[in-house]
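A.B. asks: Sequence:
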Amino acid sequence: MAINGYTDKMSVQPGQNVKFMVNSENGKYRTEIVRLIHGDTNPEGPGLKVEKVNAKVNKDYDGKKQEIYMGSYIKFDDPPALQSLESFSLQAMIMSTTPDLGQQALLSKWDPKENKGYGLFIDKEGCISLWIGDKNGNVEKISTGKPLMYGAWFFVGASFDAESGKATVFQEARVTKTNGKFSLAYGIEEHNASVEKEINIEPNADNGTPFTIASLIDKQDDGKFKAIKRFNGKIDRPRVASTALTKDKMETWIENPSGASVAAAWDFSKGISKKGFDDIRRVFDTSPNQIHGETVNMPTRAVTGYNWTSEEHKFVHAPEQYGAIHFHDDDLTDAGWDVDFEWTIPEDLPSGVYAAHVVSGDDEDYITFFVRPKKGKPTAKAVLILPTASYLAYANNRFQDVPLAQVMFGRAPVVQQDDMYLGEHAEYGLSTYDFHNDGTGVCFSSSLRPILNMRPKYRHTLSPSLWQFNADLHLVDWLTEKGFKFDVVTDQDVHFEGADLLNKYNVALTGSHPEYYSGPMMDAIEDFQASGGRFMYMGSNGFYWIVTFDSNNPSIMEVRKNFGNNAWKAWPGEVHLSLTGEFGTIWKHRGRAPQKIGGTGYVAQGFEISSYFRRTEDSHHPSVSWIFEGIEDEKIGDFGLVGGGAAGLELDIYDNELGTPPHAVIIASSEDHSSVYMPVAEELYFNVPGMAGDENPRVRADMVYYPTPNGGAVFSTSSISYCGSLSHNNYDNNISKLTENVLKKFISDEPLPMSTKREKVEFI
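Everything in the sequence shown is counted per our numbering, starting at 559 for the first residue and increasing by one.
To be clear, the hints were calculated from the coordinates, so they are not data collected in a lab.
Please note that a few of the clues may not be correct.
[Stated by the list, open to error] Here are the simulated lysine-lysine pairs, PhoX-like style, with alpha carbons at most 20 Å apart:
(1) 623 with 777
(2) 622 with 782
(3) 1040 with 682
(4) 1040 with 1295
Since the model is a prediction, treat every value here as computed from it, not as a measurement.
Using the sequences and the hints given, assemble the complete structure.
C.D. replies: Here you go:
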């Protein structure tokens, strides 16, 4: 891919500007704004559909190659207190998660081009090392000679006395019963070491480079900083002294840095409020010098420190035990590219899904964004809520690299050019289904980078056909072909504006997989329904993972995974969201199961062939039979672009115990799922034979309808592959007809069948 890009925001309204950042390795490129209708290139379907938009930005540009510099660290300006040091001490509590990955910077004021300054490092053998470089380019590197141990806390430090020339460096394991991977009985003390040496050079502290924690930064020709010698692991309670302290004195400084020689004493727990971190980027120095700093590329906060006792799992209740930051050499939250062009959204541009189609030679990209109506000014009675939180969760995922992928999918994954490109370009960032290089899960995702699987034409390795964005374009296409007027908003819009945004509409529709939802989003949907809003849940596995957005930078989303059907599990004590302080994991474990707002909830998955629905006896009752008007078939959706059927990939089920309203009606259920379909993890109490889809009656999707107060109602399809069946036979099929019956009724201002007073309905 010689060309790709991203926008400064995912959702934009008329009158606002959207900025486009483009990487064009071949130089010149052409831009054309297009409206995206259908992105599935499956020859059995309608094919790619885009509409050209007349825009002033449609022209040729002189492009350039733009680099991405990944890796998280803390950057400070060039503070005088750290410039003038002659004698000094450096110390910190650290847990290295890749001690054998090569040189890694811990605390440093080091010029990597001139080899001047001082710093505490992990050397290429995995040992703690003190580096000192003078103004003449002479360098001394003093190592403990003992490799660190993965997953264990160490007290590390170094000192230099300019008068005597004596330099010391040490590392000492600090293992408790709860703070790391190992027990007290492991005997990790053999990794302790201390080395002393007299040297004849003095550090060039006034070298014009910033002080950094967790990496060095190398200024590039474009004026941007590239993180090098990036550290993987946790750092807690870093300190700098303006004198050479003894190890015993450094010991007292872990918790109580005091005296005139304190140059810097950072406390990473500062800034924790009852609602999480006030500003997750800021780090605070408690010394009189007040050398505060800012994190780059969002290292993980709200992680357990060296002194965690396991008695408290919520960081806001014991901030002193959460004084660590977990850094990763592959963290990325902002590609930081220069703006190529920007466009003011015309006042008369219809709400919808759009892209800047950029072309350079034989290469192209569709830089996707979403145009919503002006705030408070809907242009239709129906609104489609596109699940951008889920797009972020899967952004640039690398499922083809998952060892069990072939078993999960029931076939060999199909790897395409975009997947191979991501495999060669780790700097494009990870999805929340990936692991960092140190084996920990990815909890942040950002839209400030090219997201190569949020594009038309992309075919996902995970599914028989499509997943997420292009699967949602199936619904956009159907709404467009059927002539329904609808607005488009993102779930991020709902997060920040709540039910006020939705209450302007008669009906709100979801995408095919609204899996990741924040508390404000959940509140908005529930409040919309309670006030009479009509809701069409057009997919499955919705309202599942708990997420939030950074209020200081809404492009960034956080999730903490555990206790669900997940790709990774957060470490003990680290399940709460750093941005809000709330418990992470899945909504079901917070008392808000999906059945409460969608009538159905996640029960099973199988990334193989899709099946069909069969009408239930209750579906013939006059109160719900209108849904099937014009449909004679008992089998519903035994066709489609996603796995060949309307019931597939992931399935939801009716469950009164989890909140399905008692008056909800199952109008159809799927059947004949294969053995590849399995119950999700939270559904299992014990692993026993007979749990697969070919034997287990709970492995099914339930299509559900029920009324809500004030004239509202809920209709749920309960299958991710459902929307892939809408276009079959030129949109003339029972899935299309059924969906049209529901949407027409929901859009209308007429009362809906069935009582809204929760009266019991007797079925035939």
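A.B. asks: Please list, smallest to largest, the hint numbers that this structure does not respect.
C.D. replies: Of the numbered hints, just 3 does not hold.
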